[in-house]
Amino acid sequence: MILVKNIWKNFGGKSVLNGLSLEIPRGETLVIMGRSGCGKSVLLKIITGLLAADAGEIWFDGTEISQLNAKQLNAIRRKIGMLFQSAALFDSMTVAENIAFMLDQHTKLTHAEMRKIVDEKLSLVDLEGVQELRPAELSGGMRKRVGLARALAFNPEVIFYDEPTTGLDPVTCNEINQLIRDLHEKLKVTSVVVTHDMHSAFSVATRMAMIHEGKQIAYGNPDEIINNDDPILQQFILFGAPDQILNMANPVLQEFIGKRDR
Amino acid sequence: MLLKNRLHNTLSEIGQAWTLFFQTLVQIFRPPLQFDLLTKQLLLVGFNSLAVVLVSGFFTGMVLGIQGYIQLKPFAVEGSVARFVCVSVVKELGPMITAFVLAGRIGASITAELSTMKVTEQIDALEVMGTNPVKYLVVPRFLACAIMLPTLTIFSTFAGIAGGFIAVVSLFDVNGHFFLLEVQRNLFVASVLVSLIKATSFGMAIAAVGCYKGFSISTAGGAEGVGTATTGSAVISLIAILVLDFILNHILFNILGWV
Ligand SMILES: Nc1ncnc2c1ncn2[C@@H]1O[C@H](COP(=O)(O)OP(=O)(O)OP(=O)(O)O)[C@@H](O)[C@H]1O
Ligand SMILES: [Mg+2]
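Taken in order, these protein sequences are the chains called D and R.
For the first sequence, my numbering begins at 1 and goes up steadily by one.
For the second sequence, my numbering begins at 1 and goes up steadily by one.
It should be emphasised that the hints constitute simulated quantities derived from the structure, not laboratory data.
In this text, a Cβ means the ideal position worked out from N, Cα and C, and glycines have one as well.
Straight-line Cα separation of at most 30 angstroms, DSSO-like style, residue types lysine-lysine; simulated pairs:
(1) 40/R <-> 116/D
(2) 215/D <-> 79/D
(3) 71/D <-> 40/R
(4) 186/D <-> 79/D
(5) 71/D <-> 135/R
(6) 186/D <-> 108/D
(7) 215/D <-> 188/D
(8) 108/D <-> 71/D
(9) 79/D <-> 135/R
(10) 40/R <-> 135/R
(11) 40/R <-> 108/D
(12) 116/D <-> 135/R
(13) 135/R <-> 108/D
(14) 5/D <-> 71/D
(15) 116/D <-> 188/D
(16) 188/D <-> 71/D
(17) 14/D <-> 4/R
(18) 79/D <-> 108/D
(19) 71/D <-> 116/D
With beta-carbon atoms standing in for the labels, derived distance ranges:
(20) 19/R <-> 67/D: 19 to 29 angstroms
(21) 217/D <-> 34/R: 46 to 56 angstroms
(22) 22/R <-> 103/D: 25 to 35 angstroms
(23) 155/D <-> 16/R: 31 to 41 angstroms
(24) 213/D <-> 7/R: 32 to 42 angstroms
(25) 19/R <-> 54/D: 17 to 27 angstroms
Throw the hints in and build the complete structure from the sequences for me.
Set out below in structure tokens:
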């Protein structure tokens with residue numbers, strides 16, 4: 001269970017998060033939604049300890065991360081996988097070296113064993129034959145998927161995905177959504193997915209949260225979110241969600257849809 | 001007010017740079033050794049700079065030879081030109097020239113590389129994967145500079161003496177054998193030690209400044225930030241080398257009384 005308690009963050013006087021709280025229950029897939037620039041990526045970096053919040057607490061299974069020393073924090077981080085919005089691949093290394101990085105750093109696996117894991121993770125994200133390429137030689141969507149393979153390489157218990165499907169074609173998108181669902185169903189992984197893609201959001205989420213003006217304005221399972229009548233949330237869903245979801249009985253939404261189709 | 005802010009920023013930067021320096025020292029002694037990373041940096045720092053260092057040393061030596069001879073001649077002590085070249089190159093110019101070359105080449109490139117990694121979130125990625133960026137990135141570069149600077153200084157010192165020899169012997173009426181004998185008579189173990197102490201300190205300073213400038217850039221800095229950091233790194237290293245040289249001269253020759 002990860003708890004985000006009353007987080008404040010500003011950059012040079014510009015406030016981004018204003019007392020945001022959030023709950024990420026174990027084994028759930030939480031989708032975080034919010035307008036571009038509202039601080040979703042910043043939030044992920046604060047949760048993983050990459051950025052320090054101005055105020056507030058992050059609890060991982062009963063430990064507050066700002067209280068931890070470097071060693072304890074690293075122990076927690078080995079259970080975490082993170083897909084950066086920019087993929088953040090090491091450009092001086094090959095794809096295979098990128099994916100094997102944590103194995104190389106934290107285990108004594110042989111070259112052949114790492115090789116096997118690399119191939120396996122690459123096939124999970126539907127990539128083949130790119131092992132020896134450098135990140136600069138990949139397309140944007142391929143880079144994202146290598147980033148995902150790298151995030152999965154150490155079999156994390158918690159995975160943070162920052163826009164996993166942006167820039168991917170619909171078929172690959174669908175595969176990535178399936179992969180996130182599989183990790184949830186088969187391995188009981190806890191996932192946090194930041195996405196603007198409402199189709200993907202509703203296909204993977206077991207919980208959803210909406211951030212607006214640095215605060216959480218809605219939280220619940222997908223059904224509750226659909227039926228939440230907060231206008232900001234509704235607009236967000238209305239403009240992005242697939243029609244089969246919008247057709248669910250929701251008077252507010254129906255009214256919106258009526259206006260839209262007229 | 002503006003001045004006060006600037007002063008405050010500068011002081012806090014110096015503080016942060018020292019913090020990084022001490023973190024680096026701690027991480028050097030933490031296993032594992034990361035021998036492959038160190039080897040790569042040693043080659044990068046040493047091998048790629050050897051030619052520039054040799055040429056710079058050689059020409060500095062020639063200039064010293066010419067100036068020394070012309071300045072000493074009116075006092076009829078032009079025979080001391082060998083001593084003049086030897087002592088200046090060994091104790092002062094050998095380490096200094098080498099450090100200047102490496103500050104421009106290696107220091108700046110360390111900053112460019114690390115700051116690019118920072119703005120492209122690669123350093124965040126390292127951290128989130130449980131790897132200490134100081135251990136993984138700074139330690140190999142720091143050690144490589146601390147080891148390679150004295151090594152290259154030996155080369156540039158020889159090149160400098162050779163340059164002085166060739167200039168003086170070919171241009172002026174000085175006996176080559178006599179020149180070499182004078183060099184030998186004036187080459188003390190203590191002088192070589194001074195040279196190596198200086199070179200090692202300069203190497204550590206170059207790496208520390210280069211790494212600090214690379215790390216201190218904000219993720220939001222972008223390409224412009226990388227450019228500013230890189231120039232800043234070269235300029236600060238040069239100043240740091242000069243200041244350090246003064247301090248070391250003061251300590252070694254004035255306080256400890258070496259000759
Ligand atoms: N390192 C930084 N320095 C200064 N400002 C920053 C930094 N990182 C983020 N910001 C600011 O914080 C705000 C939130 O950024 P963030 O990247 O979290 O947005 P986001 O919700 O992820 O948007 P998107 O959906 O477009 O990715 C932005 O206004 C951005 O300008
Ligand atoms: Mg973002």
